[in-house]
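> Protein chains in written order, with the numbering used here: chain L, 127 to 347; chain R, 1142 to 1399; chain E, 1308 to 1586.
In case anyone wonders, no lab produced these hints; they're calculated from the structure.
Do not take every clue at face value.
[Stated by the list, open to error] Partial list, computed: chain E residues near chain L (C-beta under 8 Å):
id: 1; residue: R1344
id: 2; residue: A1381
id: 3; residue: I1443
id: 4; residue: V1466
id: 5; residue: T1476
id: 6; residue: A1516
id: 7; residue: G1545
id: 8; residue: R1552
[As the list claims (entries may be wrong)] Straight-line Cα separation of at most 30 Å, BS3-like style, residue types lysine-lysine; simulated pairs:
id: 9; chain 1: E; residue 1: K1473; chain 2: R; residue 2: K1208
id: 10; chain 1: E; residue 1: K1502; chain 2: R; residue 2: K1211
id: 11; chain 1: E; residue 1: K1528; chain 2: E; residue 2: K1482
For glycine and all other residues, C-beta sits at the position ideal for the given N, C-alpha and C.
In case you want the letters, here they are:
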Amino acid sequence: MDLQQFLPLSLDRINVWIGVLCTLAIYSLLYRENPLYRFFEHMYIGLAAGYSLGPLGVDILYRYWITPIWVQGQWAWAFLVPFGMYLYFIYSERYGWVSRLVIGALVGTSAGLFFQEFASRYVVQLHSTLSRPLWMSSANPEADLFGVITNWVFIIILVSVLVYFTFSYPQKGVVKNVATAGRWFLMIGLGAIFGNTVMARMALLIGRIYYLLSDWLMIRI
Amino acid sequence: MWQIQNPNTPTGQLILWMIVLGAFIMIMGLVPLLHALPPRGRRAIIVIITFITGLFFAIEFFLPINKEQKNFLTDAIQPAQQAVQVITALALALGTYGLVRLHLRNVVQQRAQWGYSLVLLISFVMMATFSITNTLSEQGLVEKTPLLEQGFKLLFDYTLVQLDAAMFSLIAFYIFSAAYRAFRIRSVEAGILMFTAIVVMIGVVPLGATISPYLPGVANWILTSLNAPVQRAIEFGVGIGGLAMAIRLWLSLERGVT
Amino acid sequence: MQTRGPSIWERMLSIDRRILYLLLFANIVLFLLLPIRMRAAVSPPVQKFYDEIEKLQPGDLVMISSNWSASTLAENQPQLEAVIRHLMRKKAKFTLISVEAQSRDISYRLASRLTPEGGYEYGRDWAHFGFVTNLIVSIKGMVNNLPDTIKKDVRGTPVSELPLLKGITSLRQYKMIIDVTPSATVPFWISYAPKETKILYCPTSVMAAEAYTFLDSGQIKGMITGAKGAQEYEQLLGIVGLGTRFVNAISFSHVLIILFIFLGNLALFMNRRQMRQEG
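Construct all of the structure, not just a fragment, from the sequences and the given hints.
Take a look at the structure:
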């Protein structure tokens, strides 16, 4: 490693050293809570909050409100932002309820849109479940024995997990046994999620360490 | 009617400014009038707004479509989406406003550890300035100076990105520590969870293929044939619950929301 | 009465967590530096992902929804880099859109860095639609009238004036949507995008397990799971990217965590047995 290239003697290298300082300051929390970590933590929150104003202000407000009014002359949009500003009355003790007008509009929008989501997302999955071949026949020549067995396993697991989650009636007898099996199958899904979660978090740490080794210490990996 | 002629002339701009100002005054002036309504009246307005906004999107979806895949409401989607974008942006900015308000109060009243709040506010102002200016410069509305470019690069690429990545990478340490200290295989369920996790963790990475050529296939079979129906069952539960909740919210039957 | 010191099992159970952190750190450093390159067994979802992009013809239009921030850089960056390289190889044109504020600049800067490698020019071969706050209404708007919904790209050019989008009025004219995301945005594409447009998914590993139901129903045609999926994809493309560089350390960090889970359980079991024997 060339010491001249390693040291923060150029603008690019200074930037890298700053990035490393940020990373190591955050990692200092692992030793114990300390003022350096708190300093960079607050800096991070300030930077993140400040950054969001750029895209919000330009990509949204400038594109969808300022330009239509002041460039295209569509004056009716003038009423939109004042209405949206009703949200900020949430900080007022007296007029706080006014914010619910806007919240109601957003909630109504989401609720109205859900019908399409239900049809496109869940009904399709229901169709996919119900159209799985459960025996071999000339009507389904591509269904082989292994596929049919897998389909039965799929249906059994699906039904037992659904039974486990049904609390509208007391789970006794056969239903209780099916629900117990459903709980065991549920553990398979949760195990898969746990394994993937571990993988994701490890990858994030590996990415940081890679940055320290590759960009800062200039080790070729 | 919904567009003024020649908006880019001085007269046109003046008219638009007056309309915007007038809109602000009118809408804000409505607040005391709305407040004068009895509580039942206020709730009625909220319920009506919630219902109408939901009704528009619901009807637009349910109405039959013509050969162009449209019905008479489809073209109204575009201005509706524009309105939702702007209102959502204001809602997102509400969080930022709350944060700044809290820390500004800490600094002004010199509460405990107000120094950190000052750091936050300084970072906020610097980043907001550079972010807005940089975004405007990308659109050619502001000149992109070397100071702007370097400043944004430093604040975004080498500070914010690094801090963000470092913060979230801390979780890996905690997962490792928690797995060692707290993951106890005391029941059949915990055993099944652990076994599946181990097979998935080793089977999906190249190490699994190196240990045994069958391991990736087993891991994939677990994920597609055992995990998928479990996730689908959860999806169905969430879907039915979501539909019920959507209807309740749309009809304002849910207390404490609107 | 003589009190004995802590047994090895008690010491194992009360080990300082900072030692654990150091072990994990050292493990990752070691396996990042070790020049081992294990070949992956390409999983079927990644193979399907690759095959779908291979079917693209030159000039086909693809929408990339990039919704990740720096918090998931290590998982989503390798995915997006590999996807862009593959699209360039197929001479497919693409547009990017972000529903996460940071991703707007991250994906724009990443694409600006990579596209010259494939001789791609902004506006002619690729474009970025910027940041939108609400993905659902954006998708619905783009299906109905794309130029009027997006209006301008990140450079302030009206979308209808971009050579790339000449004659494009709807999302229906896109061949494919690729969602690179750490959050649950793919259900929105599934629910509101045109049925004829194929959807491919690049989640972080956390979101992947839930997506197998969409793969099974055919609502998504392929999936790259996190950094290890990116490595498999890079292997198919014949390139060495970040995914390939990370996956070694990923493999052995999993071994370490599994080992320590067993050690923790063993220590608890042995400690309890010892305490029962001591009465």
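> Could you work out which earlier hints the structure fails to respect and list their numbers in ascending sequence?
Hints 1, 4, 5 and 7 contradicted; others consistent.
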